[in-house]
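Enquirer: Residue strings, one per chain:
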Amino acid sequence: MDDTQLKGHAPVVKDDTRGASQDKVAPPASRCDGSALQQALASGLAWLEHHSDAINALNVFPVPDGDTGTNMVLTFRAAVAEAAAAASEEIGEVARAVARGALMGARGNSGVILSQLLRGMADALQSATSLSPRTIADSFAAARDTAYKGVMRPVEGTILTVAKEVASATSRAARNENIDPAQLLSIATESARHAVAATPSQLPVLAEAGVVDAGGQGLFIILEGIHRHLTGQTVQANGALERKADLFSFSSESEYGYDTQFLVHGRQLDVDEIRAGLEPMGDSLLVVGDSTTIKVHIHTDRPGDPLNYAVSVGAVSDVVVENMQEQYQHFIAERAREPEPRPVKALGIVAVAQGEGFRRVLESLGADLVVEGGQTMNPSVEELLAAAESLESEQVVILPNNKNVIMAAGQALPLSSKQIAMVPTRTVPEGIGALLAINYDVGLEENVDAMTQAGREVQTIEITVATRSARVNGIKVKEGEHIGLLNTELVATGNNISRVALKALKDGEAENYEIATIYTGREARDETTEQLREAISKRYPELELEIVDGSQPHYQYIIAVE
Amino acid sequence: MSNNGSIEVSPTAVATIAAEAVSECYGVVGMAPRTAQEAILNAIHRPPATKGIRVDLRPDSVVVDLHVIIEYGTRIVTVADNVIDAVRFRLEQALGTSALRVNVYVQDVRVGTRQPGA
Chain Z
1 MDDTQLKGHA PVVKDDTRGA SQDKVAPPAS RCDGSALQQA LASGLAWLEH HSDAINALNV
61 FPVPDGDTGT NMVLTFRAAV AEAAAAASEE IGEVARAVAR GALMGARGNS GVILSQLLRG
121 MADALQSATS LSPRTIADSF AAARDTAYKG VMRPVEGTIL TVAKEVASAT SRAARNENID
181 PAQLLSIATE SARHAVAATP SQLPVLAEAG VVDAGGQGLF IILEGIHRHL TGQTVQANGA
241 LERKADLFSF SSESEYGYDT QFLVHGRQLD VDEIRAGLEP MGDSLLVVGD STTIKVHIHT
301 DRPGDPLNYA VSVGAVSDVV VENMQEQYQH FIAERAREPE PRPVKALGIV AVAQGEGFRR
361 VLESLGADLV VEGGQTMNPS VEELLAAAES LESEQVVILP NNKNVIMAAG QALPLSSKQI
421 AMVPTRTVPE GIGALLAINY DVGLEENVDA MTQAGREVQT IEITVATRSA RVNGIKVKEG
481 EHIGLLNTEL VATGNNISRV ALKALKDGEA ENYEIATIYT GREARDETTE QLREAISKRY
541 PELELEIVDG SQPHYQYIIA VE
Chain P
1001 MSNNGSIEVS PTAVATIAAE AVSECYGVVG MAPRTAQEAI LNAIHRPPAT KGIRVDLRPD
1061 SVVVDLHVII EYGTRIVTVA DNVIDAVRFR LEQALGTSAL RVNVYVQDVR VGTRQPGA
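From first to last, the protein sequence lines stand for chains Z and P. The letter at position 545 of the first sequence is residue 545 when you use this note's numbering, and the numbering goes up by one with no holes. Residues are numbered in this note's numbering as their position in the second sequence, beginning at 1, plus a constant of 1000.
Check the hints yourself; a few may be wrong.
Unchecked claim - Listed next, the stretches of chain P that the computed footprint assigns to chain Z, with coverage defined by at least 3 CB atoms under 8 Å from CB atoms of chain Z:
| no. | stretch |
| --- | --- |
| 1 | 1027–1033 |
| 2 | 1073–1086 |
| 3 | 1098–1108 |
No lab work stands behind these hints: they were computed from the structure. It should be emphasised that the depicted structure is a prediction, and the values quoted were computed from it without experimental measurement. Heads up, the beta-carbon is just placed ideally off N, CA and C, and yes, glycines get one too.
Work out the full structure, taking the sequences as your base and the hints as a guide.
Expert: Listed below in structure tokens is the structure:
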């Protein structure tokens, strides 16, 4: 049974962004299927996280659940976190943890629906001993059944419809005994894709706005993420993939010009009769209420007609007439603005960095695309290439910003149809220095020279914790101690961050420079930062100090001296 | 009050809009009469659309009480929050006022058919 079971492509989520072809991972023993499930879901989560803004953008209506992408991410994240902490690696145990996490973490309407889908799955997986295609298909069916129960009036054209289509398609497919989990997930993903694309034809409000259902899109993305995981494709967020992201858009202009809504009050109003009376005047007609109050919603070219009709049967109030063309144009204009229509730059910049803060800094200084990566997560040649190719500029400079990435960046150069050059920056501060030296009026070669030169003029000090004991450059390092690197070479070690930093600054001859920027890492603590700032300004009173949030992982502090 | 006269919205109209909003909320599987007496009255007089909804039009605000039945297994707090958000949003839109109080009473939890062992 082993080869027909769901198997993870080992650590795709954290460390491996190099794609499938390079490493064939042995299937884990069937006992570990719970962890395979957990990894698959974690990949779905990573993929979802990475598309959540795009999903949020589908919420064009000012509805309360206006951030479907965010809500689904928060809910699913809670589910995956709980699964990671599951007591055992039994499938049933992990599935139960997933359901529990989703329940506790559910946010918004879409989150509650997602939690119900996961609860249904968990119920079906309770006594499962392997994740065979049959089991997976059954769990999808159970997810659908549970989710449909939780609503008074299921509306088609939503995440529920997508769940239903996935369940039917996979149930059919699982009858074939030769199918494997990756193929089954491929079928699930494809059926979700079609179901999402069909949502505007099922829900007129979506068609009007020119979007697909956000929740359904979210579910599709989760499935796609899992499928990518099973086929060894990266799910790690990076700028290049984001641009290629396979998202639907749909657009149509409603036939009628005005969205008209009002209430009709009276005695013994006849809903059916009023509906029949209004029917010929437009489309998207909605007539609801009782014999005393009726709410009417209609799209029409002549809003006067339904109103005239309504006053003939009762008293009219709460009249709202909106010009849909205007709304639509506004919406189109908003959407068109989204990927900012920048003029094509002659020179495009791809930078590699880890940490939101660094990303912001690089982007604000002119980097067109920041690919996530660094010390522990090196982007692959393909990713760098895809990033460079995705820019509109014909000439592209890559800033690897890490010693380990320089080689991959170098390999990407000859593979592109574009003119690509690399400035071998070893750290993000070097990359920032290089960015500042760009002159858009001169050619590529001249720029590369100037950028390389400028990058080298920056002294980078990195503070991190030694992961093992060793002797490097004649310095003895104990595991757990702080270490200071000057331009990626180990120069200081000790238990006190400030002292380690001062030693590295001394080696870097900080007294000859003017500005020091302290980039605080994800793990940096405020009081430590303050101590560090004080220590540096006391020792180097001439040095102008700045503190910037880099949010980089692993390095508590990165100091740029220039 | 407008310049041309006055507009009054009946509690039933408010309840109808609220009911419409609630029906869009995932996790709510029904509305509950608050008392046996109301259940009987509901059956005779009030249309089913506004069952379990009480609207109190006060001079300075509108208070809407919703008595709902929620599906077992959903997070009740989240569903109730969603209900409050949705109803408040629809009513603000329709009535043009934000002087609203929306209270949710979870009257019951419906336990559907459950697989054993879960």
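Enquirer: Does each hint hold? Answer for all of them.
Expert: Okay, the hints, checked on the actual structure:
no.: 1; hint: 1027–1033; result: holds (count 4)
no.: 2; hint: 1073–1086; result: holds (count 8)
no.: 3; hint: 1098–1108; result: violated (count 0)
When the structure is compared with the earlier hints, a violation turns up for hint 3 alone.
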